[in-house]
Amino acid sequence: MKFEIELSSAEGKKKHIVELAQINGMHSVIIDGRLLDADAIQVSPNTVSVILGGQSFEINLSRSAGGKLKLQCGPHEYSAEVMDPRAWRGRNLGALEVAGRQEILAPMPGKVVRLLVAAGDAVESGQGLLVVEAMKMQNEIRSPKSGKVERLLAKEGQNVNAGEVLAWVD
Amino acid sequence: MKFEIELSSAEGKKKHIVELAQINGMHSVIIDGRLLDADAIQVSPNTVSVILGGQSFEINLSRSAGGKLKLQCGPHEYSAEVMDPRAWRGRNLGALEVAGRQEILAPMPGKVVRLLVAAGDAVESGQGLLVVEAMKMQNEIRSPKSGKVERLLAKEGQNVNAGEVLAWVD
Amino acid sequence: MFKKILIANRGEIAVRVLRACRELGIQTVAVYSEVDRASLHVRLAAEAYPIGPAASRDSYLRIDKLMDVAKKSGCDALHPGYGFLAENPALPRACADSGVTFIGPSAEAMEAMGSKTAGKQLARRAEVPTVPGTSEPIEKPEEAQELARSMDYPIVLKAIAGGGGKGMRVVPNDTAFASAWRDAASEALNAFGDPRVFVEKYLPAPRHIEIQIFADSHGRCVSLGERECSIQRRHQKVVEEAPSTVITPDLRRKMGEAAVRLARAGGYVNAGTVEFLVDADLNFYFLEVNTRLQVEHPVTEQVTGLDLVKLQIAIAAGHRLPFAWESITPRGHAMEVRLYAEDPDNNFFPSPGKILARHAPTGPGIRLDEGVYEGWTVPMDYDPLLSKLIAWGNSREETISRLRRALNEYSITGIRTNVGLFRRILSDQEFLRGEIHTNWLDELLARPRPPAPEPHPGTEEAALIAAAVWHSANANGHVPASTDANVGPSRWKMDGRLRQMDHMP
Amino acid sequence: MFKKILIANRGEIAVRVLRACRELGIQTVAVYSEVDRASLHVRLAAEAYPIGPAASRDSYLRIDKLMDVAKKSGCDALHPGYGFLAENPALPRACADSGVTFIGPSAEAMEAMGSKTAGKQLARRAEVPTVPGTSEPIEKPEEAQELARSMDYPIVLKAIAGGGGKGMRVVPNDTAFASAWRDAASEALNAFGDPRVFVEKYLPAPRHIEIQIFADSHGRCVSLGERECSIQRRHQKVVEEAPSTVITPDLRRKMGEAAVRLARAGGYVNAGTVEFLVDADLNFYFLEVNTRLQVEHPVTEQVTGLDLVKLQIAIAAGHRLPFAWESITPRGHAMEVRLYAEDPDNNFFPSPGKILARHAPTGPGIRLDEGVYEGWTVPMDYDPLLSKLIAWGNSREETISRLRRALNEYSITGIRTNVGLFRRILSDQEFLRGEIHTNWLDELLARPRPPAPEPHPGTEEAALIAAAVWHSANANGHVPASTDANVGPSRWKMDGRLRQMDHMP
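Protein chains in written order, with my numbering: chain F, 1 to 170; chain L, 171 to 340; chain Y, 341 to 845; chain X, 846 to 1350.
Calculated directly from the structure, the hints in this document are not laboratory data. Be aware that one or more of the hints could be misleading.
[Said to hold, decoys possible] What follows is a list of derived Cβ distance ranges for each label pair: (1) X:E1102 / L:Q272: 51 to 61 Å; (2) L:V335 / X:L1277: 53 to 63 Å; (3) X:L1290 / Y:D590: 54 to 64 Å; (4) L:A191 / Y:A518: 50 to 60 Å; (5) F:E140 / X:M846: 41 to 51 Å; (6) Y:E775 / F:E140: 49 to 59 Å; (7) Y:R397 / F:G128: 51 to 61 Å; (8) X:L1277 / L:E326: 42 to 52 Å; (9) X:R1109 / Y:P791: 49 to 59 Å.
Glycine included, C-beta positions come from ideal geometry on N, C-alpha and C.
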């Protein structure tokens, strides 16, 4: 089976072709055309063990809110978008980003306890926009850019889910 | 939802009617017509937590080879056969037991290392029939009754699975 | 001894107390809010009763409901754990009214020592050195600001009812005062139902070192030595150890004596902790008394070999302390890290949610006090503490190497945890030399993060392979192997299992 | 110190050694047979190489393959663990040839002390008391039977290469001799590739007490005290503890000195265990030497605070023993139970298979040395040891109560384990009084089983409810909640969640 996988890490993102093939009866892996000495097995629902040229790796996987795959390998983290043959064409290229305007998303589920700005206010980059309380800690959500609070969707006392849009800054 | 459940323990087996019902909006349990103050939740794939009149029980469940449900509650063990409404009629009454004649089953996967009797031999109850090795231990399989070895299906050196018929004693 | 104990708490500490009861042959009763029905402490308890909605003030802070459960289930004692009502004198009073023994100090002792202000007054009387500042709550912000100016900044605002850094704010200068006051008061209100705060001079770069004391009802009071708790983030302890690298036997004795003096002055009985600030010249100042079991009590247990929760229960049952301090010989070194559901890469924002996978370390020198399990959903309603990982070793070096080893084995999928923070702390040269203070961690985090260690060659390929394998096994809703009684091995093991190209090494 | 160590073993001991290496900053190389690809020791190792099919003789017993892996991966040392090749002199020889340091005694010391017969001869020379019997292997059964008659039954047959009760048979009378001989020889052949056995007088109801010794290459040899290992089933240890309830300080010194005398006579270096039988009058007889780490080594670690595996590595690297025996002060009491995949309710038949669910205990005083995880399939090809549960306490009583508590929390679904056996042992009055001997457990198991404790009222109803809930959640191939990233909470939590009838306590 052949997969097109876009792997993103702190260093950036890159597309790869990963092929799980059989060569005269032996299973094998080919990445970007290179044949690898690899042995992989799913040891538990969210964990895959990979032995690559004798090196033993353990990777924990989960589906992120965005539908991407989150991968943890010890201290190292990646996110991946996998397109398998079935989904090869006609695939969605990912949600379009609203250029310029920044969506302020709730980083965790919680309760909006205080609004620090109003719609229309001018804000500096790093300035506090609102305070979300979760797990008894007050967390100030700051503006990612200098600009104007275009819309403020969150209200004081409102419960919000992770990833919910709180405000727009342009 | 209503279930007919036959529960077996060391003390014997008994049929019960278990009803997971709703009474004015509240979920509730009715067992054999008795309404119980109960709260149950599946806390992991094979574990259900039940709080019954304030008593907290933790039950581990798995499917036995025979298709019955195995239940462990601390040191106590049960097996259960559940018939839900869908399967209510036309259900299989369980494999018929061959009256008189006893099937000798392999208690675990392993290798038959030695036959101690031959087909046709007369055997005492408790007499060794054959030796199965698993996990480096030699385990002698004994006859459950006095009688005659009607058939001997296992061969020396053969690998057997748990539950596989090794011999018939009549 | 008691027959049945009500555990008026949740999470890892409820589990901890429950285990102590089990070992003493005492029955246990747990309580739970609506979102805690599936929590570990409920699963492990012999009895469990619901006490209302998620919000603490409607459940874990409801004394009336706790008393109802105690009566209904026939408990003869109650253990408060830490946090929630543990330092609220109304709880021991309610217990007394219902004929239930409160496992902890008397309401009077709590009042005499519990609040920061009362504790300070007592300390002065007991001739225990204190930090300059007011000891009374101040109602008006203007008044407090006046005082702050007169004392010179930096000052620190602290909640009267405070603990664990909640309702606490350092104020660097006059302009920052107003917002700091607002935050401290509202956080205090949320956390303790009491918005009152007071003002204290702020000591730069002190160590936080605390003394564990135990007093029985027969007049014996002893010190079990110190815990070094200077590694804090936003005044919240995250790493604790014993012994401290700077405490000399002489200083240990002095601090122990001061702590015992204070406890006696307050007529204190049961377990308590006297917190001190220690400056660069090893002068120590009384900070506050925690009239309860501490989160970090396992550190003392690992070096003394004592079970502090069992001792608390025995003392509450009227037993004598079964030892003299002289007979306690601490051994080796212990260190605890607090695993929180929070994201160190994103402002330490809380990260509640479902734990999809979890691999917990075990083995020599490792103790795990946990309140979570795989498949459990961490609620957003409470403190983000998941588990405490405690290591013991013959030396500080061995202890740290064991903690590192355990943290490398520890993985949790589905939510974010602060495991990465400890990797960074435990490899920092200053930390390894023991050169720490209460601001050390915040300063470390303010510094640019050191470049992440190069991933081992092949890590990226391994990740790609894992993604492909996992995708093909799970994409089409396939049930992975280990998760259901009825299905066979995972698809990969069935028909897609990758095998070594050459079978011989 | 070494750079990279090959761990020539599997299961919990491979994991144990791997952790010690991690803590010392030494890289680890694991090996695995075809059925062990997903085993814990492979997952945790930095490097792992396949060494062939499931059968030990084709993989874990293949010295040539181990040496290939050692060379290929650049290991400078090898740890054999216990079992497999750990006591086979050919392994240290092969290591020497490949320039790899063997972490254990020299081939010569193994030969001088390892085999029961050689050990006995050495013991006699070192003036260590021994059990009457032959010390040479006997080829002909007839010859052996003659000797047995002359010695008077009962006698015991033991494999020359033996250990762990394998290839060992007690012969009560002459008629039983032939079959016992056959079984012992064939078991010995299977387990060690050496069918030879010898004959020994059988002492009734002795205790099995062993001394842990350590010798460095600089002439220092010390005893780390005893382990009481009398709880055995079919000569297989299942519960071990330290200290022994019958050993006096004086006897401890005598036995320790005898063990050290023996080790010196054999020119022994590294960790070893000298096993003794102790009769009712506290006379001790040399039994055999185990020239390796013991399964039960954690018991000694918990009371001494030492890490025996790290010590083994340090000594192999030429370091001096970092202490004098006088400086070792044992503390408290430790006890280990061996959790096996076997069915105590059905002749202890092995029970390999898939672990569907697993809840492992943690908390104060509990150590778990494990080689398994949820979702793993226990292979049928090896020893059924899954994990070792070790408890520490200030007294034997506290230790037992902690062990009981931990066993109550421990549950494993999908395979059978012997947890129930320990519930029975740990509540037996004779055991609690320490009145045990090597036949005690077999006698206990021969007695009619005491009636099972009445299930708590409601247990049956709870089981019925659980069956209904689980059935409705799983019957139609529904994916349970905690097992997949993609699905929501389990069906029961969604629409079928049962709730308390009355919400108030």
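Each hint, compared with the structure:
1. X:E1102 / L:Q272: 51 to 61 Å: holds (59 Å)
2. L:V335 / X:L1277: 53 to 63 Å: violated (44 Å)
3. X:L1290 / Y:D590: 54 to 64 Å: Hint holds: Cβ distance 58 Å, inside 54 to 64 Å.
4. L:A191 / Y:A518: 50 to 60 Å: holds (58 Å)
5. F:E140 / X:M846: 41 to 51 Å: holds (48 Å)
6. Y:E775 / F:E140: 49 to 59 Å: Since the Cβ atoms of E775 (chain Y) and E140 (chain F) sit about 31 Å apart, the hinted range of 49 to 59 Å is violated.
7. Y:R397 / F:G128: 51 to 61 Å: Between R397 (chain Y) and G128 (chain F), where Cβ atoms are some 26 Å apart, the hint is violated.
8. X:L1277 / L:E326: 42 to 52 Å: holds (46 Å)
9. X:R1109 / Y:P791: 49 to 59 Å: holds (54 Å)
The structure fails hints 2, 6, 7 (numbered hints given earlier, in ascending order).
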